[in-house]
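Colleague: Following the hints, put chains B, C and D in place on chain A, whose structure we already have.
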Amino acid sequence: MKPQEPIPHNYSISRLNLIFALSSLALVAVTGLVVGYDYIRGWKWFQLEFMRMQRERIVQEMQVAKSEENTKQLAALDEQERKNSLELARHRDQYMTAQKAFDALEGDHYRADQDYRFAKANLDAQRYITEASVVQHRADAAQQQAEYERQSAHLADLQVRLQEVTRQRDAAKANIDQWLKKIKDAEDKKKELTASVDLLSKQLTTVDMGRFSTNWILSQPMLDFVNPVIKIDQVVLNDLSIDMNYMNVPRVDRCQTCHRAIDTPGWESKAEAARLSQELQQKLDAYQIPQEKRAETEERIAQLKRIQDAPNDTLNPWRTHPKLDLYVGSASVHPLLEYGCTVCHRGQDRATEFGRAGHTPASPRMEHRWAERTPLTAGFFPLPSDFAQRHWGYEENEFIETPMYPRHYYEAGCIKCHSSQIAVDRGDDITKATQTVELYGCYACHKINNWRFSDLRKPGPDLGGIAEKTTPEWAFRWISEPHNFRSTTRMPSFFYQRNMIDPSVVPPQERTHNIKLQDAEIHAIVSYLFDKSTHRVWQQPGAGDAGRGKQIVNSVGCMGCHIDTEQVKDEKSGQIRLAKREDFPLERNYGFNLTGVGTKTNSAWIYNWVKNPKSYYAEAPMPSLRLTDQEASDVTAFLLTLQKPSFMKTAIRPPDRQAVHDLAKGYLINTLSDRDAESKLRSMSDHEQLVYLGQRSIEKYGCYSCHNIKGFEGLKPIGTELTVEGSKALHLFDFGFMNEEKWKNEDGVTEHVIHTVPSWVYNKLRNPRIYDDRRTKVYNDKLKMPNFHLTPEEARRIAMVVVGLTKEKVAENRMAGLDAHTRLIEEGRKRVSQHNCRACHVVDGRGRAIASTIADANFLPPDLSPEGARAQSPFLFNFLKDPTVMKIRPWLGVRMPTFHFDDHEANTLVTFFAEAGKGAQFDTTRGANPSPANVKIGQQVFTMLRCAQCHGTTPVNPENPPTPNTADSTSLAPNLTLARLRLRHDWISDWIRRPNEMIPGTRMPTNFPRDAATGGFQSPLALAIDTPQFAQYKSTLLPLFNGNEKELKRTMSDAVALTDYLRDYIWSIGITQMRSASPTGDAPAMAMPQQSLPPATAPAAKSTRNQRAIPAVSGGAGR
Amino acid sequence: MSDEITPYQMVPKTPLAGSAAADIREQGEITRRSFPVVLTAAWVALAAALGGMSAVLLRFLFPNVLFEPVQKFKAGLPSDYSVGEVDERWKDKYGIWIVRTEEVVYALITVCTHLGCTPNWLPTQNKFKCPCHGSGYYKSGINFEGPTPRPLERAKIFIDIADGQIVVDKSKQFHQERGEWTDPEAFIKL
Amino acid sequence: MTFIKDFVNVLSAGSISFLLLTSIFALIIFFNLMNGRIRSAGGFAFIGFGLLMFLAGIFVPPLLYLGVAYFLILFVLARLGGRLWDTKIGLWLFVFGALAFGLSMLDPNFFLIAAKPDNVPIVAMIFLLGFFTWLALRKAYLNDTQLVVGGIPWEKTESDEKLFTWPDLVYTEMLCMILLTIVMIVWSVVLRAPLEEAANPTSSPNPAKAPWYFLGLQEMLVYFDPWLAGVVLPTLIIVGLMAIPYIDTNPRGNGYYSFRERKWEISVFLYGFLVLWSFLIITGTFLRGPNWNFFGPYEYWDPNKLVPLVNVDLSELMWVKVLGTSLPKLWIIREIFGLALIGAYLGLPPVMAVGPFRRFYMKMGAARYYVGAYLFLIMMSLPIKMVLRWLFNLKYILHIQEIFFNV
Amino acid sequence: MANLRGLQEGIVNSQIWKSVFRVGIPNTNRKRVLAVLGSLILHLHPVKVRRSGVRMSYTWCMGGTSFFLFLVETVTGLLLMFYYRPTIEYAFTDIMDLREQAPFGIMREMHRWGAHAMVIAVWLHMFRVFMTGSYKPPREFNWNVGVILLVLTLLLSFTGYLLPWDQLAIWAITVGSSMARASPGAGNEGPMSGLVKLGDIRLIHAGDDARFALIGGRSIGAATLLRFYVLHCVVIPLAAGFLMAIHFWRVRKDGGISGPL
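Residue numbers (numbering that gives the first Met the number 0), protein chains in the order written: chain A, 0 to 1118; chain B, 0 to 189; chain C, 0 to 406; chain D, 0 to 260.
Just so you know, these hints were derived from the structure itself, not from any lab.
In this text the structure is predicted, and so the values were computed from the model without any measurement.
Glycine is no exception: its CB is placed at the ideal position from the N, C-alpha and C atoms.
Worth double-checking, as some hints may not be accurate.
Unchecked claim - Label-pair ranges, simulated between beta-carbon atoms:
#1 C/Trp-300 / B/Gly-75: 53 to 61 Å
#2 A/Tyr-109 / B/Glu-87: 29 to 37 Å
#3 A/Ala-301 / C/Trp-300: 54 to 62 Å
#4 D/Ser-18 / A/Arg-116: 53 to 61 Å
#5 C/Val-182 / B/Pro-130: 54 to 62 Å
#6 B/Lys-188 / A/Glu-371: 48 to 56 Å
#7 B/Lys-188 / A/Gln-833: 54 to 62 Å
#8 A/Glu-186 / B/Gly-75: 34 to 42 Å
Pulled out of the complex, with its shape left as it was, chain A reads as follows (with noise of 0.2 Å):
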């Protein structure tokens, strides 16, 4: 090596060299610091903990699977084995030549079958050649022809040897068999006892993340795209597609990545497990689980309680779906391939960390949690330890635009494809929401698009006869605070709220201005209204008796949709405290309560409202219960008598002259000059500017909104629409200074407000003017939303529909109920709704308000579950527009009101009934027509029975029967000979053999138990009969059997058969002349738009005997 020429540098290159080393190395170190920071994901650690879950499972499952018995076995299976291959060394000649038989004709087989198949794939080509030839008239045709069948034939020879030759080696075969048949048992029987513990331990090592295992070396950084134990699961749905501002975007849900048995059972909580086995056992029970599924129910219910059993409890996010059979689950309506999770939950579809995933804390202390994270990293990114405690490094994210429902708010997602029903199934939580909604009249102020019901009325009463109704003074103390007077009503509070009058956020001075402002306010809305009002005079009542009409009041049935009291005793506490609406059922609180209506309105009024509600005005939702003179008198009276005079007592201030004119000022000087506004309110009187100033703050407050008020029709709802509220962005919503505070409500209870949008709504219902606390604001910009007064659980469930409402879409094929098939049911159920059936009668599963107020059981209006299976179509259509065409139950108070229903609302409430009641198509069996023989025996089957000890068998009056004598109540039973004008032929069998799953806990007893082992049917007459007892009836019965004992007794032990006999019989005896409840007494054409039935001509006139049943119409939509 030549000497190094010096040479000059700017900077030593030792000390470069050192840079270069030094740099170099850190290098490498960022390299793999890059390496790192994009192995190391948080998602990752949740499948490892999954992982690490599973393993201990499987490794309990194990110990249980290798019981002692298995280990017997296996070993006395060893020991066969042994046996058996010592037998075969001993007979080893014989089998080794069996075998090397087979192996010769093995090889003889598979050249006859290679000959046969190339032969026959010569043959195909030539049949092609000999084809062409011909068609091209190629002068080799005939050739080509020739050698063609040689081939054939060749083939077909070749085909007899492949057949030989296989019968062969099938010999062969079985030869070598015999000799193996015992080992191969054996081994089989072995697999046989291993398999569960094999397949555990297969399941093992899919799990297994050991050091240096399989999956462990696969999972290391730059492998980890082999084949990935440790990977991101997502779920791609292209036609569920996320609206990105008008770009359909496919949603990409990667939930299960973290959320890993999100649709595997068995790793429920332990509450979930407990409420689960419950249900399936009582659905075991009650013999709802098909034969086939029972095994595996129980097997399932043996796992949910071994989850019970075991020490720890299975956390979130590796929790099972707690309601698999309705969601996420292969088998259930929203499989999880198909719907995902952020449809429902929304919430960043892409997301595979916590935080970006938009998860979305209920409370502040889940907030604190999750946000609770280890100094070490400063906030970058949890740690693993950060992640053992649960403490999920979350941080608002703004940039999330649908942020998941926080618990407590899930069924909100339900609303997006379910908007248009009115009971979502197994959804109760958000049908009791959106019912909720209804009550309080939310959609009166506030527009909500697409709402299910579009002609909802106003929820306030008609204002245009007020001064007919009550007084100034009333009215005065009424508008201030409604509470006062009634602690259950809807009607919110305006006036003297949090951001007006209370110390604690309003400073004393302003407070004292508000209160002036506010009395002036009220006494102006007073003014105006009975300046408006119609004054027309009512009849007076004759004279009444007031115990008489409490007890009207009490039976015929007020109580469904009316409370009358105040006073309810606390559950918890044991105290008299004042009620809330909360503590009556939502049917209950469909009309006003009575308490104090005396103190409130006069006797005319009273009077005229209660025998003709629709005098007053035509929308009035209170139907007519057909009260006589003297009956509407007697209620008038007792109605007079619940006063509540103390309500009348409270002072009212005189309005401030001052107030009137700054406030009325205030509105004029909006269009006039300040001088001319002057001027205008000079030349008005007093009572001018209370009546300007009533209408004005009328218009402020959107009285109108609720009420019919002269003056203000036609005006825009007064509040924030909600159509799209839940979509609506975090920062549009104005905390004010309430962001992440505390603060406390009337009732005491200290709430909560954190930065989500769900729970700006709750404490916005809650309180609706707690925004302004410390704001200062213009007297006239203060809040207004008023205070409905609503308990914690109201608030939320109205508030989980407000967030639901969103401007997410989904396709029109995916939403809920809008086939013509279920738009049909859904309007029926509307119609319930509206008409607030519930309150007396169970539709759909739920209702019957009116029995708190009943004591004996036995008086409580039907249940109309199975109505639709049960009721004759126009018998149902008929009753419905004039109940008075039938009394079914005389000795019932409660009274069936007339509604006044057109032919349209009756025929939609039929045809819901018979499609909610499964009675499939509207009835068409009333011809039906038995034969005398059937009879004769329905009629002894009758008495023995005893049917008759309860049911009268002789025609009556469909319109005034007389009520059965008997002071058994449980022993009420309707007279049968209406039966035939009324119930569906095949439904009567029905409901004699199990009245009871029908409708539990029905009057009606059980002659027909199951069996329990195979659930039919019993017959209690199959032993009885040959008692001495009934030997008189054998005697009668014989003769009808031709003689034929074994026949009778037969048919005796046949459930279904005497059921139909005994359906034959009450057919016989029905009355089958009716009054038809309209003029033109048109029946109910079918509703289903495909098809338009002629109209049934009136009952009576339609049962003719010698016609027989037409079969049920089917088809329609969604059939």
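Modeller: Positioned in the frame of chain A, the structure of chains B, C and D alone reads:
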């Protein structure tokens, strides 16, 4: 450029430039004698870093998630398939033939094992025939003619306990030549 | 602490900080580059300006803050003199800056803005700009001390000295690459690139900001109409930059750091680059919040903050307020004052050419002189407009809405 | 040690090594000259450079940094193109997937921060060139090329800003591109544009003004995204590459890395 080198002379003309003189101490004769440990380490480290980055680039080419058609799908109930027929209803969507025989149901992947074309099912000749190079397969998927070296592959198939439907999972494949067709997941026993 | 924060908040208000920066700029040049002294005409002028600020501060409190800060800095810079360019003082400055920044990061509002991923490069840029400005001026200062005593700049002493590209240059370049790669990787690991919600043309965020390097332009929009701030001025910036070599005929200072030989060029360029361009970017990035309102560095970005908008046009100011009449209908009369003002402004160069700047004019020739002068005038129109806005709430000097022509 | 030494020589003397590195270890001045003359480096640097050109405190190495960052941007940008589709349906989700699932999605961070760094580096480069007066003759032209490169750098960054298609992107570009609307005589809202009329018809409106040409529509949309993508990935890089070549070439022709002339 000439390769004549003027030997470096630092003439500090000003005190300012003098500070530069301190930087130029190196005359090039110090380190070259022995093995340059530092330099070698530096180069090795640089090579390692570049190697690492190349690996990163390579890994970058393999996404962690695929947006291909789903590998696993539900194929209805076994009774939806008639015995002895090759069912082509999933061919276009998922690339699967479902074959039901007297005893079993199995799923064949519609990829020719020769060069990846899609064969056609010819019911009249009772065979799969690949249009590209003429490979032929029996209904069982066994090859019998043409250039293909091995039978068609079968996909994992099983019954979902929850609803009794057939589930086909294409991500797991079974090769006959490896004796995998006897695997219980390669067919459903009826 | 709160006091200091308030102090800084007030100081950073656009008007104040701009004045302060401009004056610091002048101070540095006068005291620290030109070896000016307090007891000199220039020194008294600076003291006079400070006293004026104090005086005005009696009526406008923020100016009092300005006066205090101004005198503090005046005192420090005058005391330091040339020592400002010592490595030790430089280090102290850096330490002080880093410390101030570090302490500020403890403030949640400051942290929120400074640690926003997209703003981090700008924070880095502040430090880099500070450092390199200091470095360049230090080198210029050191060279100048040589030049004053008749020496030659340091770079020239070695200008005929050549080194081999291999290994010297290649090696350093490779090291730079490696180190830069390390910086890039660490930066990428520590900071995630921002990704907000999907683009939604119907809902705009508040504030909506242009990419940070255009925030200077966006800030100019506060003072000028878009056609000026967004089109004309940027174009002129580019044109002006390109024109520099042709306007600047000073043959000295070619290829080495020097201030003394290029006072004008460097002063104008530094003012334009640091104060008008970089500082406006910093303002636009860190100090402009919702509704493009101004927020001090420690202030919470409250979207509800309201600032009165009471700006008036020159025509209103003159006709209505001064002359007490209504606005003339015809725009040419209405805008007569604006036209006159602008005419006068644009008429400056020819006047100056025969007056005080005759020397320049002769030396440069007409073309260079006018191009340079007008470019300079247009550059200076920005600070002038800013000062007019703060002093008189002046919105437009010329407001001809008839043809969208507003200045 | 001897073994290592032997190994080293073995490698250095092997045919492979020699075929790659033509000169061997440049331990003589001749070889040092040849090392540059015989390699790609000659395209960037001459054989010998002025001392100040090597001195970091003089050059700040900002020109080299800018160029290196350009290369970084090219490499990371090319890689990102594997995962990115410039359509309004997928642009955002693809970027999201780079964050959520793509291996080494950190490429995006590198690309973004590299872009910011490049803008700063280019500014500082210009700053340094000005402070050393290196735009003076004979370097005027190269200064101008540099100014254009600076503008191109800003445009590169600006066009890339839109590509993630998130709120930050779309609104930054909306604000940034709205200024074009005010171009005098060419923008819909620019001064004097209203005077450009044919009869009663305004010739310059939102559908044909300067901004429209830039964003391909009246508002930022699919066309803008595609336009910016093409500009960002093809047009501007090509232009910048071309100008860089000129820039580097002129650096040498105008007397080497700046220093006193």
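Colleague: Taking each numbered hint in turn, which are not upheld by the structure, reported in ascending numerical order?
Modeller: none
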